[in-house]
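Trainee: For reference, the chains in residue letters:
There are 2 protein chains.
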Amino acid sequence: MAHRWERSVMSISTGSRFSGLTPLLAPRSVAVLGASSDPTRISGRPIAYMRSQGFQGGLYPVNPNRTEVQGLKAYASIADLPEVPDVAIVAVASEVAAPAVEDLGKRGVKAIVMFTAGFAEMDESGEVAQAKMVATARSYGMRILGPNCLGVFDARTSYYATFSSSFDSGWPVPGRIGIASQSGAYGTHLYTLARNRGIGASLCIMTGNESDVTVGECIGWLAENPEVEVIAVYAEGIREAPGLIAAFEAARAARKPIIMQKVGRSELGTKAAKSHTASIAGDDAVTEAVMAEFGVLRARNSEEMLDIAHTATRKIYPVKNTLGVITVSGGAGVLISDVASDVGLAMPEMPEASQKYLRGLVPFCAPRNPVDATAQMGNDVTLISKFAEAVVHDGGYSSVLGFFSMTASSRRWPMIREQLNLVRVKYPGRLYALSIIAPRDRIDELEAEGWVCHEDPTRAVIAIDAMGRFGTAFA
Amino acid sequence: MAHRWERSVMSISTGSRFSGLTPLLAPRSVAVLGASSDPTRISGRPIAYMRSQGFQGGLYPVNPNRTEVQGLKAYASIADLPEVPDVAIVAVASEVAAPAVEDLGKRGVKAIVMFTAGFAEMDESGEVAQAKMVATARSYGMRILGPNCLGVFDARTSYYATFSSSFDSGWPVPGRIGIASQSGAYGTHLYTLARNRGIGASLCIMTGNESDVTVGECIGWLAENPEVEVIAVYAEGIREAPGLIAAFEAARAARKPIIMQKVGRSELGTKAAKSHTASIAGDDAVTEAVMAEFGVLRARNSEEMLDIAHTATRKIYPVKNTLGVITVSGGAGVLISDVASDVGLAMPEMPEASQKYLRGLVPFCAPRNPVDATAQMGNDVTLISKFAEAVVHDGGYSSVLGFFSMTASSRRWPMIREQLNLVRVKYPGRLYALSIIAPRDRIDELEAEGWVCHEDPTRAVIAIDAMGRFGTAFA
Chain S
0 MAHRWERSVM SISTGSRFSG LTPLLAPRSV AVLGASSDPT RISGRPIAYM
50 RSQGFQGGLY PVNPNRTEVQ GLKAYASIAD LPEVPDVAIV AVASEVAAPA
100 VEDLGKRGVK AIVMFTAGFA EMDESGEVAQ AKMVATARSY GMRILGPNCL
150 GVFDARTSYY ATFSSSFDSG WPVPGRIGIA SQSGAYGTHL YTLARNRGIG
200 ASLCIMTGNE SDVTVGECIG WLAENPEVEV IAVYAEGIRE APGLIAAFEA
250 ARAARKPIIM QKVGRSELGT KAAKSHTASI AGDDAVTEAV MAEFGVLRAR
300 NSEEMLDIAH TATRKIYPVK NTLGVITVSG GAGVLISDVA SDVGLAMPEM
350 PEASQKYLRG LVPFCAPRNP VDATAQMGND VTLISKFAEA VVHDGGYSSV
400 LGFFSMTASS RRWPMIREQL NLVRVKYPGR LYALSIIAPR DRIDELEAEG
450 WVCHEDPTRA VIAIDAMGRF GTAFA
Chain C
0 MAHRWERSVM SISTGSRFSG LTPLLAPRSV AVLGASSDPT RISGRPIAYM
50 RSQGFQGGLY PVNPNRTEVQ GLKAYASIAD LPEVPDVAIV AVASEVAAPA
100 VEDLGKRGVK AIVMFTAGFA EMDESGEVAQ AKMVATARSY GMRILGPNCL
150 GVFDARTSYY ATFSSSFDSG WPVPGRIGIA SQSGAYGTHL YTLARNRGIG
200 ASLCIMTGNE SDVTVGECIG WLAENPEVEV IAVYAEGIRE APGLIAAFEA
250 ARAARKPIIM QKVGRSELGT KAAKSHTASI AGDDAVTEAV MAEFGVLRAR
300 NSEEMLDIAH TATRKIYPVK NTLGVITVSG GAGVLISDVA SDVGLAMPEM
350 PEASQKYLRG LVPFCAPRNP VDATAQMGND VTLISKFAEA VVHDGGYSSV
400 LGFFSMTASS RRWPMIREQL NLVRVKYPGR LYALSIIAPR DRIDELEAEG
450 WVCHEDPTRA VIAIDAMGRF GTAFA
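Chains as they are written, first to last, in numbering that gives the first Met the number 0: chain S, 0 to 474; chain C, 0 to 474.
Keep in mind that the hints are not guaranteed to be accurate.
Identical chains share a label here; the pair holds if one copy fits it or two copies do between them.
List time: in silico PhoX-like cross-link candidates among lysine-lysine, alpha-carbon distance up to 25 Å [stated by the list, open to error]:
no.: 1; residue 1: LYS270; residue 2: LYS355
no.: 2; residue 1: LYS355; residue 2: LYS385
no.: 3; residue 1: LYS105; residue 2: LYS72
no.: 4; residue 1: LYS425; residue 2: LYS319
no.: 5; residue 1: LYS319; residue 2: LYS270
Treat the hints as calculated values from the structure; they're not laboratory data. Source: prediction; values computed, not measured.
Whenever a hint applies, use it, and build me the whole structure from the sequences.
Mentor: Shown next, in the form of structure tokens:
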């Protein structure tokens, strides 16, 4: 796929609640402290990424031992920089991090992305050092992302304040999903899974120890960012409830769905979170209640997270969601019915007259809903548009799921697809999903047309149900 | 991948409880009633598949209107066949199915695979016709698979008594998983998902209406079949409890894990099942209790089914399962801890001395379990074997999960893999799993070495836990 990024200037309103994070998350200029000439090293990667992808702002390596880094003029100190950068990436040893923060504050830098580890996540002395560093930053009105964080990237603007190695296997796919994650490795794991599925998650913020900037604030900033339509969150513990609640409010007001993987539920998980990002997982039930209040959905794993986030980019959030199912497999129909029942997604029966009409077309079909047109659809493909139109028009469902299994790999598929599209085009405004197994290029075609594709029908049902939950929250 | 099938003769003991199904499921000779010259038609596909894949037994088209079908001599009637076939595939209209059954019985055929639909799944008259047909077959001691079924295939012997179109996109991968499914379309959906993941599910039986042969009997036959090591089941309703229980007993005695997707749990699902394969889903709680008694695991969806079935082919079923985790992401460690806690998989702490040793190697690591070696492993890959050996040897866990995320796509991966294999080879008999994102060829290499690979860590944990449940059931 050949994509072009629109590199327009970020247009988040400057007076808005979370606009204070803009110098950190969408800077006009970036300094890199301890910048390495080796593009594979932690302190060399941000410059390598930004140069390779064409970051348009100022980019300033700071390294007292070099006059040039990766083709850019290097500066001996922060004081020597030709302009005050919006943000500085700090990739130095923990012993020299504190004086660096002081220097950055003196120069008037607005924000820091601190990769350095060995603070609150390690031991008490680390906690003390971290607290002192934050106090210094605050005295200058400077914000800190991290420490012990993997940073942030925005593929649209080619801002890569991160040392993630995930770009070794490819650059982001354009799209409207923003990720906010306390864990760097898991945030990029999620981003990589998205990219490999062709799902556009092009903005990713990883907060690490959250000595200052919290995941809640990042959610708020994403909610105010017009380039982002869906927000995916990974959190181990909530440090600051008012910020999170304000962010949830901002997202709901902007009709932007949030899907959240909140971990550290169990005793063991809570212990692991404490030694990871120094999180106190807190009362999971409280978080759950707040999430429910604002219509934030909880994902059980990364696949559910991406299934829901991707489906949400279609921006169809029915207030009263109903599911109509058309299937070539009665078995899949039973399975889908079970899952819909589990999650509470209504599958009303087809109108009697319509059932009679369908039985007239295929005597041994099951027309109730799920509508099983049986393998007969393979012998006469025109049955597909007839059955589909009955489900969409007569049934009037807000969401429609077609189970077509491996027929999508068959020679007849172009005809089947044409039949399905006849109905989809005629009745816009519904959520159209398919459970199919097909080569990537066929999936890409369908997705471009507006279908949401899943291999597993249970995953499709869960994602469709989520859209109704968002619809209710936004109503 | 170039695979060779071993086409040895089936060696299921002839006196065993389920050996009566052998003429149906592993026949020496096959007749096809109503055989078509068109290899894409329902009645043409079985011959096309068996010829293309090299079925070694007798293959006899029966068609009064032709002297030759797809290059084979055709016979005008069943009476004209040069030998009595073990099985006959019936792909004729429902009106002529009954006399065909009579003719087959008279000739001494032992079994029928009946594709024809329009019986009990349709209406009461269909129920009556089906009952009469079964009575006829029983009077001759003849077994019927179906009607309204997609048949059976065994890729090892190239027996394809099926009209599934799933082979349009590829032939089965060799392997030891057998599938028994009441739904044909869903059975082949499952098989296709397995094949696309490189998982060997080479034997698949689809029972449809179960007028005679039940899914329970098929499970029993798979349990007695030495070529099958793991059994995957899709069921909508249980028609005959004693057969199912005997099958569960046979599988447990043979230490063969069964994973079952039992659908028709909900009221809506039960209705859909009734119109699909004329199933009465029955009391789901009873089925659940029987499954639990015999250590049969319930899969929530097709992915969980295949995850567990595939992991089970490693044949490591710990009686007291414990999980040791080595990770490059603290976040993934928290997530894994939560899921292990949810499913009840023990993750005991590492011994104190070993934790101290690991802290000596990486001061800011988290050595408790999950063992988070941090991104430091990327800077010094020899840390990987040191950390892994500590987890495997000192921790003594029966199952080990490594979360390596996208490092498996990095340039350093060959070194990382070598480090991991040092430990795996030194300590055999454990279950070794990886949560990684990597290109297919790298996954294939790892799987061939004995690793089980998952992208999502939660799915890995669920599959690992399942092995302990099988271990307990087999003990």
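Trainee: Find the hints from earlier in the document that the structure breaks and name them by number, from lowest to highest.
Mentor: Nothing - there is no hint that the structure violates, so all of them hold.
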